[in-house]
Each structure stands twice: as C-alpha cells, then as structure tokens.
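Protein chains: 2
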Amino acid sequence: MGPQAGLDLAEKLIRLTQTTRDQDHIPFILFSLPASVPDRTDFLLGNQDINPAHAIAGQFEEMAAMGVTIAAMACNTAHAGPIFDLVLELLRGKGIRLRILHMVQETIAHIRAAYPQIRQVGVLGTKGTHRSRLYDLALEGAGLEVVIPDPGVLENNIHATLYSPAFGIKACSSPVSEEASYRVRSAIRHLHDKGAGAVILGCTELPLAMKDSQVDGIPVIDPAVIIAERLISETCPDKLALSD
Amino acid sequence: MGPQAGLDLAEKLIRLTQTTRDQDHIPFILFSLPASVPDRTDFLLGNQDINPAHAIAGQFEEMAAMGVTIAAMACNTAHAGPIFDLVLELLRGKGIRLRILHMVQETIAHIRAAYPQIRQVGVLGTKGTHRSRLYDLALEGAGLEVVIPDPGVLENNIHATLYSPAFGIKACSSPVSEEASYRVRSAIRHLHDKGAGAVILGCTELPLAMKDSQVDGIPVIDPAVIIAERLISETCPDKLALSD
Chain A
120 MGPQAGLDLA EKLIRLTQTT RDQDHIPFIL FSLPASVPDR TDFLLGNQDI NPAHAIAGQF
180 EEMAAMGVTI AAMACNTAHA GPIFDLVLEL LRGKGIRLRI LHMVQETIAH IRAAYPQIRQ
240 VGVLGTKGTH RSRLYDLALE GAGLEVVIPD PGVLENNIHA TLYSPAFGIK ACSSPVSEEA
300 SYRVRSAIRH LHDKGAGAVI LGCTELPLAM KDSQVDGIPV IDPAVIIAER LISETCPDKL
360 ALSD
Chain B
120 MGPQAGLDLA EKLIRLTQTT RDQDHIPFIL FSLPASVPDR TDFLLGNQDI NPAHAIAGQF
180 EEMAAMGVTI AAMACNTAHA GPIFDLVLEL LRGKGIRLRI LHMVQETIAH IRAAYPQIRQ
240 VGVLGTKGTH RSRLYDLALE GAGLEVVIPD PGVLENNIHA TLYSPAFGIK ACSSPVSEEA
300 SYRVRSAIRH LHDKGAGAVI LGCTELPLAM KDSQVDGIPV IDPAVIIAER LISETCPDKL
360 ALSD
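For the record, the sequence lines run as chains A and B.
Read left to right, the first sequence gives residues 120 to 363 (the numbering used here).
Read left to right, the second sequence gives residues 120 to 363 (the numbering used here).
Since the hints were made in silico from the structure, they are not lab data.
Don't be surprised by glycine CBs; every beta carbon is placed ideally from N, CA and C.
A portion of the hints provided could be inaccurate.
Stated by the list, open to error - Distance windows between CB atoms, simulated:
1) B:S332 x A:K330: 23 to 31 Å
2) B:K330 x A:S332: 19 to 27 Å
3) A:E298 x B:M185: 33 to 41 Å
4) B:E259 x A:T354: 41 to 49 Å
5) B:S305 x A:I169: 49 to 57 Å
6) B:E180 x A:K313: 53 to 61 Å
7) A:L205 x B:D357: 48 to 56 Å
8) A:L205 x B:E259: 43 to 51 Å
9) A:I189 x B:R308: 14 to 22 Å
10) B:N275 x A:E298: 37 to 45 Å
11) A:L217 x B:S332: 39 to 47 Å
12) A:I237 x B:G186: 25 to 33 Å
Next up, chain A with everything else stripped away, as it sits in the complex (with noise of 0.2 Å):
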C-alpha cells in the first residue's frame, strides 16, 4: 500500500526479530507496488468504485505461489470489511492457502490481553477507517467502548497529517514533518480528554509520527507492532525479542 508504511512493517519485524547473525533472519518478502492497489479510503468513501481487494488478492497469490504461507497487509483501512472479506473470499475461490494476519483483531487481542482494566479505546485513523467504523465494530465486539475524535480534529489533525502536500506524511515521511508529529500528539490527548484509556494508531503512516509509546501515560498502541510480533511469533516464536 503505501510503501513508507511497508517499510516501517518489515523495519520492526526486522527489529523485534532476536537474532546475531543475518542468517537467522526471518525470510521474508515485500511487495511494495503502490500504483497497482486503488486508494482503499477513496473507494470506501464511494469516491471510486474499483475495490483494490481484488489487486490485493493478486499479489497474495504471487506471494503464495513463491511459497509464503504466512502474510499480512501495512494498510489498517484494508481490514475494512468490505476490502478484507472480498480479499479472502477471492483467495478461497481460487484454492489459495496463505495464512493472512489481521491487523484489527490482532491488535484487539492485544490490548485486551496487556491492558485488561481499559474500558474506553481512542482510535486514530482515516476518514475511510472511521466511515467503515473498522475499530469500532471489533473493539464493540470485544466489549470495549470506542472514541473517536471530533470531526475538526480527524480533519485538521488526521486527514490533513495524511494528505497534505506541505506537510503530510504521505508527501514528506524522511523525516516527519515537525507539524504532522504536533498534530498527531495533540489528537491523542484530545482523545485522552474524551476518555481514552489506551489509543491506537489506526492508520500505518501515523506511528511515523508518534515513535513514543505513551502519550501523558496513556498507552499509544501501533497496529505495526503488533503484527511484526505475531508474524514472528506464528512462525519463529523462539526468536521474538521483547518489544521496548
């Protein structure tokens, strides 16, 4: 998807592998073909009609044919519905076996499993992600209550962090923008002051400007994180080092 976010994925699997020698690195492949997937929020958004599931079901087929059997997505809003049951059902139609991670669900379990006393999750991503209630419907389903921000602050605070060309990550990701790293704390305590007893970071581009993993000593959860560790722990679970 976007490859600032493909990367930063396979720099922490990379990073949270516990390994001396390059050898017994985790083998691994990324596919980083921007141009080949539609804008999944667009077209959750209705701006356009293609669903990018099916581009996204060919590349998991090249990558089972080569012989993964293990894969994820560095896309939150990909796990929409609407994209990611399309995305498996495609697979399924065509006799595909590849084990596919998601991101969502996995980073539910980890909350709840690491943070058992929070009721109230914040969640930080697209406009596409909060349309789809992506978050909301799994964190509901897990007997969690959701905030989300207020419709100035995913504008001015999210979206124009994403999407602007002056200073958004999408246009300027080496480094992160100074403004895109304010605007991102700022929506955290802005959630924290709702109610928010843990954040997450709904949107693969938004930990490239929020490193820390707490915020005023709530804890920011990144989705990365936690698939980087469960793509090691699924299939090199002596390797996996402790997360910092």
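Fit chain B to the given chain A structure using the hints.
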C-alpha cells in the same frame, strides 16, 4: 543478503523518489531471504565452498518471472567477480532478461563525475571485499588510486564493527551502537590521513553507522544512495529527487 541492508536500500529508493502520492511511488519488490544466500565473505575467503551466485541467480529468476525489469543487490561483496560474473552467466544460460545494476561500477562512475579532481579514493569494506580487491580493481581501471585501511584498522574498525555480537551492526542495528559509529568515523579519518580525497562505504551495513555525507570535509560515498538514484533515473527519471 543482510536484511538491514535491503531495508536501507528500499528506504533510500523511497526517500529519493519525488512524489506527493502513494500511487506515484516506484513499484518494487524486496527479497529478504538471508538464510538462502550463503555468506559472501566466507565464500571469497575460502571458508566455505558454495558460491552464493546460485542462490542469488535463483532469486533474480523469480523476480524476472514476476515482471521485474531492473534489479540491484544490497551487498557490495556480492559484486566480486567470482560471484557477480557467475550470476550473470547463470541468468544468461537460462535466457533471463533482467538488467542488474553493478553497485561498484555505478559508484565509481559517480565519483568520477561528481569529484573529477579526486585521484585517491579510500575504501572501507569487509575482509572479503578487500581480499577480492573488488573496489581496488575497478578504481584502478578508472585511473584512480586506492587507499585501503591498515590491517589493524580493518580488523578493529570494520570487521568488529560489522560482526561483534556486542556492538556490531549485524547484531545491533536499531539503533546502531555508538561504538560502531565511532569506529567507522575513525576509519574514515585513518584513510584521510593516508591521502584519500573521498571514502567509499564499501559494505552496505556501514552507512547504517555513518549517516553524514562528509567527515572533516571529505566526501563519504554511500553506494546504496548511488544505486537507489540509478534505479530511479533508469525507470522514472522525472521522479529523481536531488540528493541531500
């Protein structure tokens, strides 16, 4: 090869691509299958018999089958003649059409173009790189004089910096240890003292410990930056950002 080096090249490819949208980024596939490629240095030093060229050619074959048209290896040592030449021969033998950029040749072409006044060029690389005279032969062929580290510096400032389980880059790269950075910087000063007008970081892991483009005024050349720029200029020249 080393997973960090592959990630580093991918990061440079993305960073040096000028674009404002995900979809405009150059499509790429990163193979990070370190256990499948025997250690290049071990082979060149005669410590093991299997030429890594066979595994490398197999991976290039898979890439070509997926539609890849141009490729590079994030490993200087793999460009030594005994490995690189066999890779090309194996691919030719199978009729595979894939353009593979030569990191060493591209780096030297860059130095000649960017610093025409420089006659002596320092090289820091693995023992295998030095033993194979990879950069030496290519630099001499280009009419340049090679400056290599003294044996003690090679052992303590380069080999140890790469392979030490305590502070080496291969074991400890996120972040790289201060000890590793200090030793690389010292080695650059050592080559400067010996007359080098520029220094090539001739092992893909060294730039992880040395981010500056110069030390005490002498240019420090990262072949991964050169190769990332070439991958862009050969595929989407209008998207090549100016290097910083």
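Hint by hint, here is what the structure shows:
Taking 23 to 31 Å as the suggested C-beta distance range, the pair S332 (chain B) and K330 (chain A) conforms, at roughly 24 Å. Our hint of 19 to 27 Å for K330 (chain B) and S332 (chain A) holds, since their Cβ atoms are close to 24 Å apart. Our hint of 33 to 41 Å for E298 (chain A) and M185 (chain B) holds, since their Cβ atoms are close to 38 Å apart. About 46 Å separates the C-beta atoms of E259 (chain B) and T354 (chain A), a value consistent with the hinted range of 41 to 49 Å.
For the pair S305 (chain B) and I169 (chain A), the supplied restraint of 49 to 57 Å holds, since their beta-carbon distance comes to about 55 Å. Distance hint for E180 (chain B) and K313 (chain A): a CB-CB separation of about 55 Å, consistent with the stated range 53 to 61 Å. A C-beta distance of roughly 35 Å is found between L205 (chain A) and D357 (chain B), which places it outside the suggested range of 48 to 56 Å. Against the hinted window of 43 to 51 Å, the Cβ-Cβ separation of L205 (chain A) and E259 (chain B) comes to about 59 Å, which falls outside the hint.
At roughly 46 Å, the beta carbons of I189 (chain A) and R308 (chain B) sit outside the given window of 14 to 22 Å. For N275 (chain B) and E298 (chain A), the Cβ-Cβ distance of about 44 Å falls inside the hinted range of 37 to 45 Å, so the restraint holds. Checked against the given bound of 39 to 47 Å, the beta carbons of L217 (chain A) and S332 (chain B), roughly 42 Å apart, stay inside it. Restraint check, I237 (chain A) to G186 (chain B): a C-beta distance of roughly 46 Å breaks the suggested window 25 to 33 Å.
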